[in-house]
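With chain A fixed as given, assemble chain B onto it according to the hints.
2 protein chains.
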Amino acid sequence: MRFSAFFFDGASRAFHHRPTFSKLVVILAASGGGLVAYADSKSDHAIESSRVAPKKKVVVLGTGWAGTTFLKNLDSSLYDVQVVSPRNYFTFTPLLPSITCGTVEPRSIVEPIRRIIKKKGGEIKFWEAECFKIDPTSKKIHCRSDIGTNLDGNGEFLLDYDYLVIAIGARANTFNTPGVVEHCHFLKEVEDAQKIRRSVMDCFERASLPNLDAEERKRILHFVIVGGGPSGIEFAAELHDFVTEDLFKLYPMVQDLVKISVIEAGEHILTMFDKRITKFAEEKFQRDGIEVKTGLRVVEVADKNITMTHKSTEKMSVPYGMVVWSTGIGTRPVIMDFMKQIGQVNRRVLATDEWLRVHECNGVYALGDCATISQRKVMEDISAIFKVADKDNSGTLTVKEIQDVLDDICIRYPQVELYLKSKQMSDIVDLIMDSKGDVEKESVELDIEEFKRALANVDSQVKNLPATAQVAAQQGNYLAKCFNKMKDCEESPEGPLRMRESGRHHFRPFRYKHFGQFAPLGGEQTAAQLPGDWISIGHSTQWLWYSVYAS
Amino acid sequence: MRFSAFFFDGASRAFHHRPTFSKLVVILAASGGGLVAYADSKSDHAIESSRVAPKKKVVVLGTGWAGTTFLKNLDSSLYDVQVVSPRNYFTFTPLLPSITCGTVEPRSIVEPIRRIIKKKGGEIKFWEAECFKIDPTSKKIHCRSDIGTNLDGNGEFLLDYDYLVIAIGARANTFNTPGVVEHCHFLKEVEDAQKIRRSVMDCFERASLPNLDAEERKRILHFVIVGGGPSGIEFAAELHDFVTEDLFKLYPMVQDLVKISVIEAGEHILTMFDKRITKFAEEKFQRDGIEVKTGLRVVEVADKNITMTHKSTEKMSVPYGMVVWSTGIGTRPVIMDFMKQIGQVNRRVLATDEWLRVHECNGVYALGDCATISQRKVMEDISAIFKVADKDNSGTLTVKEIQDVLDDICIRYPQVELYLKSKQMSDIVDLIMDSKGDVEKESVELDIEEFKRALANVDSQVKNLPATAQVAAQQGNYLAKCFNKMKDCEESPEGPLRMRESGRHHFRPFRYKHFGQFAPLGGEQTAAQLPGDWISIGHSTQWLWYSVYAS
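Note that the protein sequences, when read in sequence, are chains A and B. Mapping the first sequence onto full-length UniProt numbering, position 71 (from 1) lands on 71, and the numbers just tick up by one. Mapping the second sequence onto full-length UniProt numbering, position 180 (from 1) lands on 180, and the numbers just tick up by one.
Since the hints were derived computationally from the structure, they do not count as laboratory data. Everything hinted at is true.
Treat identical chains as interchangeable: a pair holds within one or across any two.
Calculated lysine-lysine pairs in the DSS-like style (CA-CA distance at most 30 Å, straight line): (1) Lys140 with Lys125; (2) Lys249 with Lys119; (3) Lys304 with Lys125; (4) Lys119 with Lys55; (5) Lys249 with Lys481; (6) Lys249 with Lys125; (7) Lys120 with Lys56; (8) Lys513 with Lys275; (9) Lys72 with Lys249; (10) Lys387 with Lys423; (11) Lys56 with Lys249.
Next comes chain A alone, as it looks inside the complex (with noise of 0.2 Å):
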């Protein structure tokens, strides 16, 4: 070995002096089952300058769009902040259905996490590892590196946190369909937007191939995309335009037997959107040539059939040549057993407040699709909401003491506003009045059960949010303002009116901002349902979608 040390001797002359990396102590500590390395980050601050209180820990799992936007909003000089993901950059997914068609680049949709970083200063440490357990008893995280397997060891290692964000999105839910995950496309990475794209011009090449029968043609060229939501419908357009843009003229000769299938288990595509567009979309599809098939569900995907049952019917099957099964999303192994240790159990998801707090679970916040808030309701608190408005504890409440507090009561249970507008109503008191009949609204005083009776359908208008882009987006967004103002809002909270303690929240609760939601349906044809139950479709539609994200 002094040849390797002659070797190595260059490095130091050949490259600049740095002394960051000195800074990174490696322990080893003894953990459950074996030795597992340990990265204490902050060892160094703390011989450094132990008069100073050391910054709190902040480990954020993921690098999607809630991870990433939490992680650009963050003023990460007020924490000592890590990020540990499996990919070490962040992916714009409304582009991913571009990539299969070489409409757009994969390098001008992913944006690496490590220049995020050094534009923010450069004080963040990040890890190419994957998180396989959460132990919010000790506050520890168990990763493990997912680079090749020639690493020392098992690769693994412990981090501590203060607070942990989780962010590490959904899987593809394949509802345990037998031979899915074994011969089916997902659609949720850049590797298989580009796995997809080699896929289809492999089905187009071996269905040109001279030994085949036309039969054996067709089926190669069979293209089914399961699902109907946005992803699977805007994959099936950009295919089609493909296919008949491009690769049509350089397969002339078996352009015949091409086939684009959607199968959709519900009565329409699109169901998340205003009938109009689902009735437009599928116009647009039969147009196309594009099969949709309703009221299908699969059973079963072999290497070359794909098995659906129709309600009523027996078993259909399909020759195909490549599957794209897009039908929402499954919860990852860490976040199931994770929910197991916090007592969430048959759950899809992680439950979190509406500040975003995984429920019992301190420092552990839980945001994009790997977790839903769960609305508090209006009934739950009824008594306390009663007991906070009834300032004179007369047992009864004035209209005057209703509205002192209907600011707090609107901010923490946005469901009462969105119930008042359903019934076209401009206040709490309309619905009082309404409840009580013909009275003077001054003379107007409420009991429990009265007020009870007054709010009683409320809750009705809890919805959850949808498993989107924008949601993560704006509660990354929203849970690093919180970080940021985390010390000024414990001096001075300014959060609603805590119904069932004293004083205020720290903060106002996660509100999303709905911007509309677009599904572009090929042959640059956009549609588009806007708030207030605006509706869009034509050409300039897509470049209002891309400004949204944009923004």
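Same frame as chain A, but now just chain B:
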């Protein structure tokens, strides 16, 4: 399968009708070992127009520089052309090293073969498959589809040819060194370059993980290039620029640990260039901190160590993170098998004559990296040349007689001209006068022995052409032009006099025109060796280099 029929019903409605496909007749034929599908792409012509002589079938193997240049320049209306290659695109190989470092996008350096075919009118057929056996006796080739595995049967088929153009290039030469295939990267295809890029990034991510000691990080960040030829040196230079200009900014904590080494078995790098270029490159690399280790032969590549021997010393082992193997070209198995069949044993590449025809193999041409021209020696033909020149059968040659056949000799044996140039003579007569001593030019008469003596040393100038893109492209262009004028030249040959038979050769033999050789050395520095012993080193040289290829 009722449902399936229903599913496929839409296809003909959905996409335009094109009858082209039906022209392809697929026949099953028994062949040695089992059933093999058999594509007779000519049968339709035979039926449609039995009066007209059917076009000759040209099969082109390979879509590299030689095959693609041939295809682009061929008048494809004259032949029934089929192209077989596992890659349905041409790669601009000089830019492969730029892909490894992300300077250039893969898409920018590839050209789909089907697009080239379309530009030429679409008559040419392309099969994405690999030829695994050439049968020159029955004039058939055996092909196997390379796409996926879910092709019916074994995916094999047979093609007939009248003319076979072999242009399948070479593979990386490992010299059977243990561990090279398993652990090293190569740099021949776009996929190789993309893998290298990912691997470089992975090394930096892996070296940044928390659970490693400094030695391990150093190992991971040791990039080794084996082979000091133009490809290896260019890659080393590109990697250095990528690392210092981009990656150091993103991974400041590990930059002291990075090392790039070039290992060369010879005494210098870039030995095919002028010594001034070699010296410049070695000095530039030293300044850049790239370690150049010469006189070292790699004997084994293990998981994390590369072992080599120096002339007089024992084995040395060096830890590494990534190795790129770039030590020249090796023979593809199908060429090896073909050479065995035609008696070209113990050769590295196919031997052809000066018209790129494979020796003793009717209708088979070979060009590019899989072939080399064995230039006919003057001394082998000296009696025949004498006989042709001695028109009056006097047994002696006058200067006039020699001058009459001089052009033909120089065309047939380019070494004569090279020899004269090396001796700074303007004419073969000078050579003769030189050998005859002080005699009047007009009165010179040479007998066969004197003629032999005069030309005794010219064959020392016979040189093999290098395995470069320039040579391959010129050969492809040359051969296409020969094919385009094959009919004309049969009637009025344009080649030199045949020495051992009567008449003229149909075509002039292939003659390589050297436009210079280029070696990008990083930091926008490129060294160039131009024809006529000119050397250029500097910034603008690179554009000169691209322009050579662009032409």
